[in-house]
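Residue numbers (the working numbering), protein chains in the order written: chain E, 4 to 481; chain U, 4 to 481; chain P, 4 to 481.
Hints were generated in silico from the structure; no laboratory data involved.
Misleading hints may appear alongside valid ones.
Identical chains blur together in the list; that is why a pair holds if it fits in one copy or across any two.
[Stated by the list, open to error] Taking lysine to aspartate or glutamate pairs in the DMTMM-like style, the calculated list, with each CA pair at most 20 Å apart, reads:
| id | residue 1 | residue 2 |
| --- | --- | --- |
| 1 | 139 | 461 |
| 2 | 139 | 458 |
| 3 | 139 | 360 |
| 4 | 139 | 12 |
| 5 | 139 | 155 |
| 6 | 156 | 330 |
| 7 | 139 | 101 |
| 8 | 106 | 221 |
| 9 | 156 | 273 |
| 10 | 156 | 472 |
| 11 | 106 | 272 |
| 12 | 106 | 217 |
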Amino acid sequence: MSEPIPAPDDLVLHEDRYFDPDPAVRQTARSLYDETRDLPIISPHGHVDPVILADDSPFPEPTALIVLPDHYVFRMLYSQGVPLERLGIPTCDGTPVERDPRKVWQLFSEQFHLFRGTPTAAWLSYELYHVFGVRKRLTGATAAVIYDEIREKLETAEFRPRALFERFNIEVLATTDAASDPLESHGRIRESGWQGRVIPTFRPDAAFRVAAPDWHAEIDRLSTLYGSSISDYATFIRVLESRRAFFGSLGATATDHDSEVPLTQRLPDEEADRLFQRARRGEATSADQQRFQAHMLMEMARCSTEDGLVMQLHAGALRDHNQPFLERFGPNTGADIPVATEYTRNLLNLLCAYGNDPRFRLILFTLDEATYSRELAPLAGHYPALRLGPPWWFHDSIEGMLRYRQRTTETAGIYNTAGFNDDTRAFCSIPARHDLARRVDATWLARLVARHIVDMQDARDMARALAYDLARDAYRFA
Amino acid sequence: MSEPIPAPDDLVLHEDRYFDPDPAVRQTARSLYDETRDLPIISPHGHVDPVILADDSPFPEPTALIVLPDHYVFRMLYSQGVPLERLGIPTCDGTPVERDPRKVWQLFSEQFHLFRGTPTAAWLSYELYHVFGVRKRLTGATAAVIYDEIREKLETAEFRPRALFERFNIEVLATTDAASDPLESHGRIRESGWQGRVIPTFRPDAAFRVAAPDWHAEIDRLSTLYGSSISDYATFIRVLESRRAFFGSLGATATDHDSEVPLTQRLPDEEADRLFQRARRGEATSADQQRFQAHMLMEMARCSTEDGLVMQLHAGALRDHNQPFLERFGPNTGADIPVATEYTRNLLNLLCAYGNDPRFRLILFTLDEATYSRELAPLAGHYPALRLGPPWWFHDSIEGMLRYRQRTTETAGIYNTAGFNDDTRAFCSIPARHDLARRVDATWLARLVARHIVDMQDARDMARALAYDLARDAYRFA
Amino acid sequence: MSEPIPAPDDLVLHEDRYFDPDPAVRQTARSLYDETRDLPIISPHGHVDPVILADDSPFPEPTALIVLPDHYVFRMLYSQGVPLERLGIPTCDGTPVERDPRKVWQLFSEQFHLFRGTPTAAWLSYELYHVFGVRKRLTGATAAVIYDEIREKLETAEFRPRALFERFNIEVLATTDAASDPLESHGRIRESGWQGRVIPTFRPDAAFRVAAPDWHAEIDRLSTLYGSSISDYATFIRVLESRRAFFGSLGATATDHDSEVPLTQRLPDEEADRLFQRARRGEATSADQQRFQAHMLMEMARCSTEDGLVMQLHAGALRDHNQPFLERFGPNTGADIPVATEYTRNLLNLLCAYGNDPRFRLILFTLDEATYSRELAPLAGHYPALRLGPPWWFHDSIEGMLRYRQRTTETAGIYNTAGFNDDTRAFCSIPARHDLARRVDATWLARLVARHIVDMQDARDMARALAYDLARDAYRFA
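Bound-form chain E, shown alone:
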């Protein structure tokens, strides 16, 4: 390696990063990556707040942009004993927190070594280097200078959200929105005349959690949108169908569903109504909720066969594991922990009923990698309706992606998978995540080529499919 040695605190992104070190594999990987690196970004599943693109206001400052909204970042510091209060994470219980974003940035920078070997380090390095032009490694010593550098950029027109959206070359960006969301931001984006394709995704989970304290509020919001009270199950279904249609009118092509245990089971309508009435009286138990959710997954699949929205199902996260932490910091703060997940038996009813229907499409995500080769690839290699979503959350990483392809391809091929999605709340990390995925796919393919499992011709088609075609097709964007 006779390359010039960078100064110790230079931030360097090697051109061949994440590729296999074997020279022949690396050269092939680079040549495959060269064909996909500039393809537009398809982002069919994520959590960017659409108000950012509706308002198109400048981002406030680096800490609010990079640290505060990203639980991948602050959970790691928390795990090493840094109180979240010192990181300025807002509390629900009134505990005071650090208000000076420069102090938070300094603390975060001092702890940046904790991310060594993690995708967060890879994404942030890309974001700093390519999005913000930073050329120094982030450390305690460089924190203040880098903070100022980014803050200055954020004040310029080129760093407004829509300008970045265009610079990132995003062809379509899907957000995730509650069933009761009026989609006001989405409406404003459409009306603004701006051409960026930002579309909602219908996520009705809150309306199905009949035993949760906030269920009534969700039903009330839906009632308000509907214009009259939702007093029975039949009306509930009609409202959901009408919301799905409304989402569709704003460009949605998909729904999204979360499930701790992905049980699917149709109930007779009368029984569904009994459960619904029990919930209205505030008497639904968690067993009731599980049955109602299992039934509603069947109903959502039924709707999908009719309105063509692609159904996404994410299973296996036990939400809010840390009770005292939840009480202080609220949900979605890095304390959701996966559990072993069963798909073969749990999805049997849904797949028997709809899995052979050419109108239906189900995209499945897991946090349990043991299911890749055991359950998911065999299911996807059989049912026409099923596609496997990309490695999700903790597994959206270099090794995670390699494991996913190594364990699913031999049974399901790549054409039963749905390409990549970034699943991120952090808008500026989008290109970083897609770039990493394209590099990892290129190195996985290059290893197939080097072992003569596929030839270069095939690998080129496959690289493009993984980076672009599969997501576009799976989510019916074409």
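Given chain E, work out where chains U and P should sit, using these hints.
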């Protein structure tokens, strides 16, 4: 890589395919493979129909040989929306299907890209190239020419089943046969004077599924063979023992058992008889069946200690996941899906009773790779009776084999494993599957050599063991 | 590879063993390993008998040193049909065993090929080569000569236990000791004036197994040490607290707990006392025991927050799987088999109660690799109290360590792990195990460097952390 570049539609099988790309590893792999590539094939477990070798008639035509009997092939097309009716797969419910094999072959060829990166592509490429001498890639454009090329060959004497058996250098081929199978084809093979060693395997599953609709028919078939009605459990056991002896007289060295949950538990004989009588009255429940199966696994182990037949146990497939599909296309059509499987507790009774007995041998297969390092290797690294079967079904693949060796060897060594078997219904794919396995084993060993975990001397012994000795020894063929 | 070819029976340990074969990766691995190879050994968790270092008597002879105490060794021979009686393993039932250690050594040497590709082979090769200066491969032909060579060395002063301890450069060695152990050997070591740091670890499992036949004896031993009868739960807790303090006074920094199912659940004190009384009357059931153990894990965590002892929890081994074998050879003889293990739900109570407490530290071990990326890394990447112990037992191996780092780092980083420990009963294997771990960590890191995931600067810090700092910090040795 300064090798001559093949024309885009040439079918090329690279000499070093599947080996690691690192030049030193590759050279070692090649030299290990050179020592095993021409060893005779031991095929101790598979599903070839023995009538093929009893009749020795020419194979009909390419589609009937390659597409129709291979659910690895047609399930992939089905998963991508190709109706099986268009592939000519026979239906149980009278739905008409495509009858023109050339049209089916064309459709299959057009979809061949779906298999990129799968072992099916590797096996078929070998079969086309080495068995049939095809030199063009299979695509929609080449389909018709290749079809004719193969069909012509199939009409010649060199492509008769026995000629291929000899050309494939098969030392022994075991089929899989119901307990009630009269083994007529096996008898004819023996009587024909042909020297090919084709032996049956005793698979009594249907006789143990006391709650299944076809159980009575199986008992009736056994009764007919036995010459009188099987009206109690004691007679049932006597008949099974006599069938085992009959299988043994035709060369069988093994039995084979399938189990969704590999529970083992001995019942008192009176209770076994009560279950048996309930089954005779058509009153057995699925819970009864599970208990009866758990008991019969104990009984089969007991018989094995007495007659020396090696016991094989395959666990963890949920059969016929897709009900509407089953009703149309029947079983064994690619809709069996694995489930998480527990061995440590389920096999405890059987292993405590027979696992220390030097007369007993149990070969265990799994579809749940999480059990390799967690349960199976620790069990095989302790119990003298236990050997691990090769990676099974979905895991009989390049990455699957590497994972298997990487996860079992450090605990169990290679000498507690049973070598390779092809488990195939597709006779002409046998040499392809063994060749692939020998290549993958060679590259796994070469990586051990390159990392100085074993030396070349040891690796040579191990390569031969994996390709030949272990299977021969595990199945008591010597 | 133009290196001189060794004679076929030379024992050769290649300088670059276990490193990746790619030349660039290998060179980086070597340079990282060069920085850690001579660091002192931190051995915070193991099973060496402290009497060895208290007495400092010569080791008797090779078989008693290398074969008899190491169930990794003799279980493999047993699994291949070698009766343990012929290996001289003592029996509980009076069955006579081989008494001539030379015959046992001969038999072991003849079967040494069984260990090809296992860490046992790697460890023993290091031990023979580096500890005892052997230069021939161990085979049936060389067995006798090597036996004599080692035996002669064992008689010299340099091979006394304390001399080896110093030569091995052990900075601290923790043993594992029952709650009722009077720690007499530890006392003698301290009083002897010898400066070697040998410390106990508090392992109270036997006192929590209230349904086990030997529970009463354990309580009696504790009563004797305490000076009066332990007749109620409150006294039991006081005694445990006092034992923890006594262990601490002899240098202990940690406790150790084994659990088949790592359930944690606090009981009201009155209920704990009812269970305790039931146990005293000999009426405790295995369900009682499970509840008591779940409660005692909460209590031990509570104590840890007060006395600062680090809590270790090992879960998922089903002990003594082979009943007839247990009756003949007793426990800890290689017949413990892992089971699937759940952490997310089972540890919820303990982590909610203590996982956010800066005084508490929990180090978690697993035998179920499926939990690395699914449960353990997400938990460790969130809770400040949690560190992941190194790959344990069957997974303490080259591939096992690589899988561990590949599956935990991207979510938890390396700073939520606890470095390496050897967990061994075999004193002379300690340097072999640490050397192997340092080599594997170096190659893992070198692959990160070669793929530009971390740079060389970071990799150097990480290598030192993995070899030394993390264990020292996790176990509070600093």
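A quick look at each hint next to the structure:
1. Within a single copy, residue 139 and residue 461 get their C-alpha atoms only as close as 40 Å, which misses the 20 Å cut-off; across copies the closest is 15 Å, which meets it.
2. Proximity of residue 139 and residue 458 under a CA criterion of 20 Å is satisfied inter-copy only: 14 Å between copies versus 40 Å inside one chain copy.
3. Within a single copy, residue 139 and residue 360 get their C-alpha atoms no closer than 54 Å, and across copies no closer than 36 Å, so neither meets the 20 Å cut-off.
4. Proximity of residue 139 to residue 12 under the C-alpha cut-off of 20 Å is restricted to the intra-copy arrangement: shortest distance 6 Å within a copy versus 49 Å between copies.
5. For the identical chains of this complex, residue 139 and residue 155 are intra-copy neighbours only, at 16 Å inside a copy versus 60 Å across copies, given an alpha-carbon limit of 20 Å.
6. In this assembly of identical chains, the alpha carbons of residue 156 and residue 330 never lie at most 20 Å apart, being 37 Å within a copy and 64 Å across copies at closest.
7. Taking the shortest Cα distances, residue 139 and residue 101 never come within 20 Å of each other, neither inside one copy (26 Å) nor across copies (66 Å).
8. Taking CA atoms no more than 20 Å apart as the test, residue 106 paired with residue 221 passes in neither setting, with 38 Å inside one copy and 55 Å between copies.
9. In this assembly of identical chains, the alpha carbons of residue 156 and residue 273 never lie at most 20 Å apart, being 59 Å within a copy and 64 Å across copies at closest.
10. Taking CA atoms no more than 20 Å apart as the test, residue 156 paired with residue 472 passes in neither setting, with 34 Å inside one copy and 40 Å between copies.
11. Neither within a single protomer nor between protomers do residue 106 and residue 272 lie at most 20 Å apart by alpha-carbon distance, with minima of 57 Å and 46 Å respectively.
12. For the identical chains of this complex, residue 106 and residue 217 are neighbours neither inside a copy (36 Å) nor across copies (58 Å), given an alpha-carbon limit of 20 Å.
Hints 3, 6, 7, 8, 9, 10, 11 and 12, counting from the list given before, are not met by this structure.
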